[in-house]
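This is what each chain is made of:
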Amino acid sequence: MGEILEINGPILTVRLPQVVIGEQVRVGSLALVGEVIGREDDRATVQVYEATEGLRPGEQAEALGHPLSVELGPGLLGGIFDGVQRPLDAIQKASGDRMARGLALPALDRARKWRFEPAPDLHIGARVHGGMALGSVQETASITHKILVPPNLRGKLVDLAPAGEYTVEQAIARIQDRHGPVAKLALFHRWPVRTPRPFRRRDPADEPLITGQRVLDTFFPLVKGGKAAVPGPFGAGKTVIQHQIARWCDARIVIYVGCGERGNELVDVLESMPKLTDPHTGRPLMERTLIVANTSNMPVVAREASVYVGITIAEYFRDQGLDVVIVADSTSRWAEALREVAGRLRQMPVEEGYPAYLASHLASFYERAGRVETLSGDTGSVTLIGSVSPPGGDFSEPVTSHTKEIIQTFWALSKQLADARHYPAVDWTESFSGYVAASARWWETNVDKSWAARRAEALALLSQAEELARIVNLVGMEALSAAQRWTLEGASLIREGVLQQSALDEVDSYCSPGKQFLLLDLALFIYHEGMTLLDSGVPVQQLLGLPLLSKARRYKSRYRSEEMEALKACRDEIRGTFDRIRTEYTKPVERAR
Amino acid sequence: MKEMEFRTASAARGGLLFMKGVPGVALGDRAAVRDHRGRLRNGLVIRSSNDLVLVEVFEGTDGLDLERTWVRFLEEPFELPLSRELLGRVFNGVGRPLDGRPPLLSPLKRPVNGAPVNPAARAYPREFIQTGISAIDGMNSLVRGQKLPVFSGSGLPHNRLAAQIVRQARLPGEEGRFAVVFAAMGVSHSDARFFQEDFESSGVLGQVVMFVNLADDPPIERLILPRTALTAAEYLAYDLDLHVLVVMTDMTNYAEALREVATAKGDVPSRKGYPGYLYSDLAEVYERAGRIRERRGSVTMIPVVSMPSDDITHPIPDLTGYITEGQVVLARDLNARHVYPPVAVLPSLSRLMKDGIGRNYTRDDHPRVASQLFASYARALEVRNLAAIIGAEELTEGDRRYLAFADAFENRFVSQGETEDRTIFETLSIAWEVLSLLPAEELIRVSEEEIAGHHRFQPLSGEVHAA
Ligand SMILES: Nc1ncnc2c1ncn2[C@@H]1O[C@H](COP(=O)(O)OP(=O)(O)OP(=O)(O)O)[C@@H](O)[C@H]1O
Ligand SMILES: [Mg+2]
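Taken in order, these protein sequences are the chains called A and B. For the first sequence, counting from 1, position 272 maps to 272 in my numbering; every step adds exactly one. For the second sequence, counting from 1, position 46 maps to 1046 in my numbering; every step adds exactly one.
Next up, chain B with everything else stripped away, as it sits in the complex (with noise of 0.2 Å):
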């Protein structure tokens, strides 16, 4: 069967080919589509009767002649060869080299698909990575083996934010064994350019796998490309014993491809026409970051969502927020205010930072400094709105406290350079010093022992103070 070529296409519209008569394909093969020039397209059997067979064609099926094309079924599901010569590398969504040099060959190949892991075979992930950046590492603790996405708009830097994590990350006191997998899916040329010069300017290139679909490339490639990058992180990190990091840019152009192919299918729409199973689809992407017990490596994610007209709640970035665990939003009023990163810490979320700080990880105060923080940059934005309303001068002295406190939350505990790597000490430091322009009463989430070891309070300038 191996051997047979087939030639019985019937239809071929939104990158799924429709074969007639070919008896006894299994679900999930390859198959090898070849076309009327002799140019091979990679496909995938996602139905499969003895009348009809749905290929997916991951190159798409745009100038497929019918009469022209021949399909042969692979007898196996789509797998990825790997080995430690993987890093340095660059490979398209399907596994082959795109950095000019030989494709990879081993003996060992695993399925792309990899099986879910086992929830009593995990381990809760706990160990505070520094990315030295204030608003991530104060807030939004990112913690090894978990899953943070970027929520991001066309025009905002999280391609710097993310290649700042990337060069910044570390667990303070380790010279961790670490690699980097960077699976771009529809991303420009000069974003693709912008990774790969980051990368080797930092020195990290060697640590680096690159798994490329540009925006010209065919979309439907963009379906298995994260499948295919997440073998190869499984691998460095569960073989390899390495902490691996995983940036995945942009997933709102992977949700698009889905979309496409299930409307070729004819699958019930949902929400704005993505199919109901996008949540499952999702993830079975995003769950494969994680920590498995016994195992030294970690598998860390940083998946790019671009919010299609800044909607947090556009079905892509809203079944996102409800897997991944937690997020990082970026905020278009902020970046215009030349705040970077332009972090909106309120609807940013960590959730597993709670285990992952602390007294033994960072500093005893750091759960109940953030705490504050947010409490209070809350109140104080709520203050800037009425503010706008009525008028800074109507405000109360107490109010008009908050202002302050707003400002310089932003410009100085968030906002910060492109290079600056801030140790977790710096950043509760400057957390302290801007909550210091609120009075001690206050603060009641951090404790009195606290307040009488850091808060210096500073009176706004102007203010009288009776003796």
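In isolation and in its complexed conformation, chain A is listed as follows (with noise of 0.2 Å):
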């Protein structure tokens, strides 16, 4: 037992002889949970998750033994906890509208009962060792929850309990360690956060993620398993798109990291997701979802836990043998909340404030991402995708930098696109992406051979056009040339047939790959059959007046994902429209009029 000796906002120092670096901390009267991040003789540094307001120099403080660590078994999906797993909902019904403090909920309900199924092919006295599968919980319709043997435990099956209703507490097996005791094990285990999960080996991240945003899949893809950061000043759309990703994307479980961030943006995640359903599977979205939410007014130091809360609980997904993908918004608050509590160590700042280590956090935090042959030999991938908020929008600076360097696909969102609401906002001359060849192969197989082509077709025709515009801009339309004034069309027909796609748009909102690639293709279709006219002569204008321009960008919200046929069909309209024209222009009577 020791005492707290001075309380400095979210950081105290306690006299507590003995405890370890990140080793939970309970203090004062109010119960108060801290984790050790600094020791010097008997005084300890520690960090609390709660407001400190209220406590006082010489109430107790008392270590408990172990880190940070996440409960994790049935029970997970469908829920909203805060930055240290506490059950939101839970905490609704014990403490009211607002957030009370000292409350030391479980995450999971102890007293719901799951049917669990022991796995088939285990007998009594098999060798089990961590990450294999004891058994199985339908968890939700769509997600069968492996229960797994911890992934440090090894040993004999001495016991495994036979099909029916358990919590997640009551014992369903127990093995013999070689050397150690008889472990028990129930529907749930604990794992320290900041520890990242063991697994086999890492495995090539090949497969495109699909999220339905076209900007994203066709022209800056992620893979399962891979990272991605969206940067952008406020207002910009990191926030829809991350929410666009967690509705759309075909991954089997989505965690929603809030940090930092608003309260309504997670509300809107929770009224919005059950009214869903996933195209992948039908079933509703929540049942796939989970939150995890440090709003911008909770307390800092937990703002720092939940990133690790939530991609802890990714990993063990994954070793489930699933596709995860964890969408954190924004990673700089979490950045700022270390440097929060850097500043208040004194540590030395080196950039902006933030202490030397940042860039290394950022690293190893990342790293946790990953497509994985599991312990069991599944293969399972954590997608990470992290907003960025640089401090007036300017990407030099260091958790942007940092972040770029880490990631493979960087979605820049723009204030000008935003400002003039060209949705989403992703500058297609900033950003890139590290996926494109692995993601070719799945397009080429599954939708078009001719996609990495198109793909590169559409980025030269808008850097093209964007060199003209510089022209324009200097010296007018007139300046241009009848291909030039052409081109300028086709990549306007890109961007706001393609490019540009409203989250709220009730039929674009999703896009299938299909439909994203025949999207792409009639644009730049129209744009070749409109060069070959001008080769032969006729005018630009009367081009630049066809209907079906204007038809053509609306395109994208008039036939849904479904309605491939009639999509496809656009294309004969298009030929019809051009062939027309072209034998008006190579009748030579109608060219003597």
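Simulated from the structure, these hints should not be mistaken for lab results. Since this is a predicted model, take the numbers as computed values, not measurements. The reader is advised that the hints may include incorrect statements.
Some chain B residues judged to face chain A by a derived CB distance under 8 Å, without partners named [stated by the list, open to error]: (1) P1125; (2) V1268; (3) Y1279; (4) S1280; (5) A1283; (6) D1318; (7) Y1322; (8) E1325; (9) L1349; (10) S1371; (11) I1390; (12) E1441.
Glycine included, C-beta positions come from ideal geometry on N, C-alpha and C.
Could you use the hints to bring the two separately framed chains together as a complex?
Right under this line is the structure:
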């Protein structure tokens, strides 16, 4: 037992000999919990997960003997937890609309019973090891939750419970360690959040994560097991992109970490997800989703913990052989939480007040993403998508620039595009993806062989148009040739008909890979057909006046992803339009007129 | 302990009093600081150990004579007494009356810091508030429970706009039970008087609570003032079921006071000398707006943020924008062209608009009309820039239409009278009127049916049209 010596915001100095860094500590009469982040002689520095008002020097401090850990088992899905995995629904029941302090509620409901089915091929006496499935619980209609042996355990199976209803705490198996005692296993186990969960080996990540967002999937793809960042100034659309991914991506589990952002955005997820259905399974989206919430007005130390809580839960589902996506909005708030703690500890700031370990903390966090062979030989993945909120929208600031070094896919959002309401405001010159080649194989097998070529062509057209726009801005449209003016139109068609995609458009909010490709293909088809007509002397004005051009911009919201045949038929209409002009222009009589 | 007075101040600077050797003082507790003339100042414990206690003094530390300063630690957090009698009153930042009437007495008191709302207890704000101002209602709609700041600059009419919103804001078709909480931090006497007179002349004064700290009042008091004001607002909303509109002006003065204290404490600065925790600190204030499930009232917040040197990337507007649910940005060039309200719609945004407008809320076409106005006006401003370079004569006919659209949009749609209260339907019909300057093929964000219903293409004057 020790005592509090000093209270400085969320940081305490306590006299508490023999604690270790990372150990949990309980302080004061309010029983607030925190974590040891430094030690000197018999003094420890503790960061507290809740507001410290009311604590006084002299109050007691008690070491709890374990690091910050999460509970992993059935009952996580569909839930909303705070930054240290306390269940917010249960907290509301216990303490009302506002967060009461010092509530120690377990993450998983202790009273609820789950139907456990033992693994059919396991027999008593079998040798089991960490990561092996002892059985399963059908947690939601779409998710079979495997009950795993905790990673660090191995031994002989002494006992396995029969099929039946169990609470998370009831023992369902016993394992005899070679030397140690018999371990009792329940439906859940705990794992320290700052320790990555082990796996057998890393596998190459080469299957695209389909998000249903054209500018992401078609232009700057991400793969299952990949790492992506979405930087952008306020209001550019980071949260909307992450919501869209959480809604529509083809992962099995989605973990949404609201880290230092708005309360209402989490309510938006909570209220909309149950009403939406997963395009891949037809089930309500909330069944595969879990929220970790530390809003901007909640304590900053728990904010720092929240991303680790999220990623550890992600790894746990990965270990069951599932594809997991975790979105963290915003990693900047996490970095700022680090900075705040560092500042209070008077650690030497290196850039903009951030401590020297910012880069390494970011890197080791993102490193926990990946596609792996699990301890039981399955394949699972964690895809990590972090938003970054650079002060003043300046991408050269420390968090953005360090993150950029670590990730493979960079969706840079631009204020100009957002101000003009070009959504998603993904800037096609600043953004990049290191997964284009890997994704191309998938697209070419599953959608169309010319995917990579079309993509490259569209990007080239966009950058050509940008050059031309610069000229126009100097000397006006008159300086351009007919072909150049048509190029501008072609790029505009790509921008408005393909890149722009409103999250609010009921038809276009999700766009299947097939529809993505077709929209791009049709836009380029119009562009090429027009070019050949210009070559045969058709005035560009006539082409620019074609009603087809505004019609083509509406294809995306006219045809649903399921209406591919109708969309394909547009090609004939386009061809017809251009053919009519062509015959007009090749008829000698007409020309004479 | 409550009775004991300590005379152990070892230093005083930047609003902070450093007290030696007062054991066992709780963080966040109030302190009563008595100076050598016997006058009391209000303090708050912001750091505590047995050797050193740091007290933030809201009236400032100027003129404190350390040997003759006595401090009592009151063993309670900062609390505000709450009752219906708040309405119609004027207080300072710590809740002391400024209207010459007796202090508010009530058995109900709440700590002004207010514990955070459990995100799971929030309800998503969806009810459209009609402000009668087209640039807001049409393109940056406000909903009940939203926090929507006005980003402004010195000399721009943000106060007039805020006052107009207070006068006109209502839910269409509902005689609302409403209240106004006015939080003034470091405002000039004339601005404070402007609001007071405006509330009076529009007959709402009985529904208003004012918390006022003037430009020549102690700056440190600005740190507690919004918290006091929001404690009152939450009480009016969640205990008395009122829809509360909170106007806070000027948040820049608040942030500057925060920087002053942070500097005195020796906190590590991040940008422009502001402490790294400015974001979290502002969020504690702004996130108190909202709606709570099963509560009838709401807290809607309109903070005024003046942008130092009109720079939207300055930490104060920047961090505000990262926390609030959009922003209404005022522009100097529009103001110079006598556009009132001078709202620059492109950098403005309402994030909660999407769920509060359209069918069942305003009108079916509203979301698409707004989106079209944004797209067309963005294009029109590009054309205007181009015209400035190459001359309007050099523009194509299509581009000249965009120029005409830009002018009409600013002068007809954005610009309106200070007492002009447009219904959302009036706003939408003006929107279609200006969109009719552009040919239908250019309007791809509205539906073809909507074009057929509302679009009446007007050729440019002087334009010859083939039959
Ligand atoms: N794909 C989209 N479709 C339609 N609207 C969008 C889209 N992306 C962004 N928006 C609009 O932009 C607004 C701001 O987006 P969002 O909240 O995602 O910004 P942000 O980058 O997360 O900002 P902050 O950093 O302040 O959280 C949204 O409320 C919405 O109105
Ligand atoms: Mg966001």
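Going through the hints against the structure:
1. P1125: Given a least distance of 7 Å, the restraint on P1125 of chain B holds.
2. V1268: Holds, because the Cβ-Cβ distance from V1268 of chain B to chain A comes to roughly 4 Å (cut-off 8 Å).
3. Y1279: 6 Å, holds
4. S1280: 5 Å, holds
5. A1283: Constraint on A1283 of chain B satisfied, holds at 3 Å.
6. D1318: Holds, because the Cβ-Cβ distance from D1318 of chain B to chain A comes to roughly 5 Å (cut-off 8 Å).
7. Y1322: With a minimum Cβ separation of about 4 Å from chain A (threshold 8 Å), the hint on Y1322 of chain B holds.
8. E1325: Check passed: Cβ of E1325 of chain B comes within 7 Å of chain A, closer than 8 Å.
9. L1349: This interface hint holds because 5 Å falls under the 8 Å limit.
10. S1371: 6 Å, holds
11. I1390: 4 Å, holds
12. E1441: Hint holds; E1441 of chain B Cβ to chain A Cβ min 4 Å, cut 8 Å.
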